[in-house]
Amino acid sequence: MTVVLEAKQLNKSFGSVVAARDISVVVNRSERLGLIGTNGAGKTTFVNIVTGYIKPDTGNVCLEGRDITGHTPRSITRAGVCRSFQVPQLFLTLTTAQSLAVAFGIADGRAFSPEASIDAEMERKVEDMLERFRLTGYRNRVVAELPGGVRKLIDIAIAVTRTPKVLLLDEPTSGVAVEEKFALMDIVMSALGSDVTVLFVEHDMDIVSRYAQRVLAFYDGKIIADDLPETVFANQTVRTHITGTAN
Amino acid sequence: MRSRFMVLVLAGVTLAILVALGEVLPSWSIFLLVTAAAKGLAALGLVLVVRSGLLSFGQGLFYCAGGYGAGLLMLWGGITDMTLLVLAGGVVALLFGLLTAPLLASYRGIFFATLTLALSMLMHGALTKADFLGGSDGLNLHSPTLFGMRPASAAEAVYMLYLFSSVLVVVVAVACRLHFDSLRGLLSLATRDNEIRVEYLGASVSRVISENFIAAAFLGGVGGALNAIAVGHIDPELAFWTTSGEFVFVAILSGYLSVGAVFASSILLELIRSFSSQYFPNAWQMSLGIFMLASILFLPNGIGGLIVRRKERDSEKDPA
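Order-wise, the sequence lines are chains A and B. So that you can map any letter, position 53 of the first sequence is 53 in our numbering, and since no number is skipped, the others follow by simple counting. So that you can map any letter, position 212 of the second sequence is 459 in our numbering, and since no number is skipped, the others follow by simple counting.
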């Protein structure tokens, strides 16, 4: 297995609150990792450190062996680590197609070219992405008018326009109706294909069981379990502190 | 989004109409249109900044820099050709933009607006004290020429300037329309909507803002140079906050979606100013204020928003 992402002994405190304690993770190419834990356990802090939103107090993050610790979100994104957000970060006044066109334009470097327009090739790429994420029906709709689940899909779709090496999804199903969660994740996972390495933060254990190949369980800023989903869910500490299924 | 061909056709028709109007309109209104064109160019620059989510209260800095750049080139360099003077005004303002953009690109909201205002007022203060530049009285300029042609009369001079302004406005409007419809134009709107997402897609928000600000500086300078040539005078009032306020007024009235709306708003401002100062000389600022209040209340997206909404409604009725 090829290691694509490695976090080594990450520590982060906000005043007296310790958000990350000695977090070390090795992620292999094409893996699907579910990150679980209660609120404040350190999942989003981990995602934010990896994507450059916050800098760790100590420790390193390496992407394919290259140290990216403390780099800006922009340079980490360019290096191939992309993300979606718990609250979708979108271009609310643009249409879905325009949002994707901007994202593709940034990814291929044409967005800063003064004469670059949305040409036939760009249209084709946008259409392809709309189809992959089942967004074709929302093509010309302004994003601000769209429902929450569709916004989640757009947030993820624009994150993958760069073809990431590692994709981090922060609570992709939060705010989505229970009956739509699996449908949304089915769309996302089939759109991503099997090559992209995916780490997703999730509270719904059924979603984690179905879509994760490996689970990292966070508690009090630490990783208390890192194994196959069934092994992690059987772990007594996880059952006590996270899933609440301990006897 | 219009095709490039349609934009060019529309530009050609507009230019033809402007030229025809020049033949029939009275001299005072032609001068008013030239002044509106100068201010519209500067306001269009401001709209570029607005499209990236910021509002500058210091566009007068570049308007003034362009005016002085063109004026001093005429007085000290002996250049009278309006094409060269306008270009020089734009370049001088662009240099000011290059100097100030790195400082301003990291500020947002009221801090950005106040800093731009402060820079503009610094320019105003410095020019007021600079006696070799005419101090607070400013400097009078010579009559301009166009490609070696010197107008025989005052009326001919105004008409020549009007034709030049018309071509200049149409060229700049086409360039801006194409920019608005380009990927780069969409990137500005994306930045306005969500800077975090733009950074997390791998683009530099600072670069977007700096480039727009520098382009705005150039357009401000072009407008300032055109105004200097038209009025035949430059003074520090060009950088005063009330001048910048006029550009803000035009930008709010026009909105950030339509290029044509910027020039329409600029003409409207000049008309309000002209008629108000004639009929209520002591209260023209008040009428301007009332008009601004009404436009904010009833046209929150400006005249441009009205035009775009109407087009959207039409396309919904006729999807083909």
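By construction, these hints were calculated from the structure, which means they are not laboratory data. Beta carbons: idealized from backbone N, C-alpha and C, even for Gly. Be a bit skeptical, because a hint or two may be false.
To be verified - To be clear about the criterion: a stretch of chain A counts as covered by chain B if any three or more of its residues have a C-beta under 8 Å from a C-beta of chain B, and this derived list gives those stretches:
#1 87 to 95
#2 107 to 114
#3 214 to 223
#4 238 to 245
Earlier hints that do not hold, by number: 3 and 4
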